[in-house]
Every structure is written in C-alpha cells, then in structure tokens.
Amino acid sequence: MAFKGGKKIREARASFDKTVAYDLKEAIEIVKRTSYAKFDASVDLVFKLNLDVRKADQQLRGAVLLPNGTGKSIRVLVVTNNPEKQKLSTAAGADIVVDGAALEQKIKEDEFDFDVMVADPAMMPLLGKYGKKLGPKGLMPNPKTGTVTPTPEKAVEELKKGKANYRTDKAGIVHTLVGKVSMSTEALAENIQTVVSLIKKLKPAAVKGTYIQNIVLSSTMGPGIKIKIEK
Numbered sequence: 001m002a003f004k005g006g007k008k009i010r011e012a013r014a015s016f017d018k019t020v021a022y023d024l025k026e027a028i029e030i031v032k033r034t035s036y037a038k039f040d041a042s043v044d045l046v047f048k049l050n051l052d053v054r055k056a057d058q059q060l061r062g063a064v065l066l067p068n069g070t071g072k073s074i075r076v077l078v079v080t081n082n083p084e085k086q087k088l089s090t091a092a093g094a095d096i097v098v099d100g101a102a103l104e105q106k107i108k109e110d111e112f113d114f115d116v117m118v119a120d121p122a123m124m125p126l127l128g129k130y131g132k133k134l135g136p137k138g139l140m141p142n143p144k145t146g147t148v149t150p151t152p153e154k155a156v157e158e159l160k161k162g163k164a165n166y167r168t169d170k171a172g173i174v175h176t177l178v179g180k181v182s183m184s185t186e187a188l189a190e191n192i193q194t195v196v197s198l199i200k201k202l203k204p205a206a207v208k209g210t211y212i213q214n215i216v217l218s219s220t221m222g223p224g225i226k227i228k229i230e231k
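Residue numbers (the working numbering): 1 to 231.
Derived from the structure by calculation, the hints contain no laboratory data. Any given hint could turn out to be false.
[Unchecked claim] Each computed BS3-like pair below joins lysine-lysine, with the alpha-carbon atoms no more than 25 angstroms apart:
| # | residue 1 | residue 2 |
| --- | --- | --- |
| 1 | 48 | 208 |
| 2 | 160 | 87 |
| 3 | 85 | 129 |
| 4 | 25 | 180 |
| 5 | 226 | 38 |
| 6 | 180 | 106 |
[Claimed, not checked] Simulated restraints on C-beta separations:
| # | residue 1 | residue 2 | range |
| --- | --- | --- | --- |
| 7 | 33 | 125 | 46 to 56 angstroms |
| 8 | 138 | 53 | 13 to 23 angstroms |
| 9 | 138 | 52 | 22 to 32 angstroms |
Ideal Cβ positions, reconstructed from N, Cα and C, are used throughout, including at glycine.
Let's have the full structure, built from the sequences with the hints guiding it.
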C-alpha cells in the first residue's frame, strides 16, 4: 500500500528539475509551490560544506538573528539567582523566569514547558548536573548560541525577534531554520541571504578547495531545491 501523501510528493518532485540550481527567489517560489503540508511548514536551509569536522576549528556552531524572524513562536525560560536580572528578563518577554532551586524542581518533575533555556553563567555548575536530561532535549544552554550570558534579557529579546541555531554534523552539513512557508518571498530571501553571508564569513582558514559545495532549500516534508551559489 502506498504511504499517505505519496502522490503529492511525486507531483511536487515532478514540478521542477532536481538537477538544476535555481536563483534564490525562484527556489523559494518552488518551495512554496511544492509544500503540501496542512500546517504552516517550516523552511530549512542546508549547506554541504567542505569541512574536516574531526578538527575543532572546522566545527561551526552558533546562532544567527534573522532580519524577518523565524515565523515560529517559542517559549523562553531564564534561570538566574539575580533578582535584577530576573526582573529585566521578565520585562524583555521571557515566558518563565526561575532561580536555580525552582529550575531543579522543574527538571526533577520532567516539567519541560519551554523551548529554549537562557542561563546566567553562574548557573552552569548546577545545570551540568542535569546534562543527561537537558542535552538530548536540546535544552542545555551554550555560550556559542548566546544562551549562556551575563545579560539574559538581551538573549530573550533576540530569541523572541527570531534567532536560529546552526551546527555542523559529522558529515560537514549545516541545517538551519530560515522561516515559514507563509512568509513572503522577499522576507525569506533576506533571511537566507543573511545566513549565507554568515556561513561564508565563517570559512575556516585551513579549508582548501570549494568551501560551499551545495545549498538546498526545503519545506517540512517537501522536496529539496538546489540554490545557485553566488561568488
């Protein structure tokens, strides 16, 4: 029996040439046209990079503030024992603000009612005790993504505006969210150009040959569309 949605996938893939690398805006239009999800699908950008990720200086990880946001609403938790930072984080729009003791209780009770955790650096020794619980859920704060910071209120503001994480996997591939299908072509293009510019700037000095081997754009469950790589 054919799996549900199989016909739609075949039709989507037949509507463009998968061997062709398209101009950015044309690629976005194809992604929009071939998205058949019944919800507002995410749009993802994937880079195949010429990196030797066994070397620490060729492992890319961080976060990028998208000019038009991610289109995704997220719940942000801030953990700090500093009353002033708690007040500032609440004013900045944090959904949950707790001290260390309250966070420990939430973790012990498996109460993970948030998408991102921002931590005051003083909280990291405490969080280290719960790495096995937080790590697999993607909730462990990290300085490289700006979620371990002495100014948590600024991190909250950026996350709420639309900050997307990126990280190389074992094959030198970087995935990042760039928006939603419902966003305009112009807004998505601006977000994508921001990410591409950043990835280019992050090229490790030791890399020889072609750094960006290909870039693919896709929606959730939709086909991948190759994008032309501008010099």
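Cross-check of the supplied hints:
{"no.": "1", "hint": "48 - 208", "in the structure": "15 angstroms, holds"}
{"no.": "2", "hint": "160 - 87", "in the structure": "17 angstroms, holds"}
{"no.": "3", "hint": "85 - 129", "in the structure": "23 angstroms, holds"}
{"no.": "4", "hint": "25 - 180", "in the structure": "15 angstroms, holds"}
{"no.": "5", "hint": "226 - 38", "in the structure": "24 angstroms, holds"}
{"no.": "6", "hint": "180 - 106", "in the structure": "31 angstroms, violated"}
{"no.": "7", "hint": "33 - 125: 46 to 56 angstroms", "in the structure": "51 angstroms, holds"}
{"no.": "8", "hint": "138 - 53: 13 to 23 angstroms", "in the structure": "19 angstroms, holds"}
{"no.": "9", "hint": "138 - 52: 22 to 32 angstroms", "in the structure": "25 angstroms, holds"}
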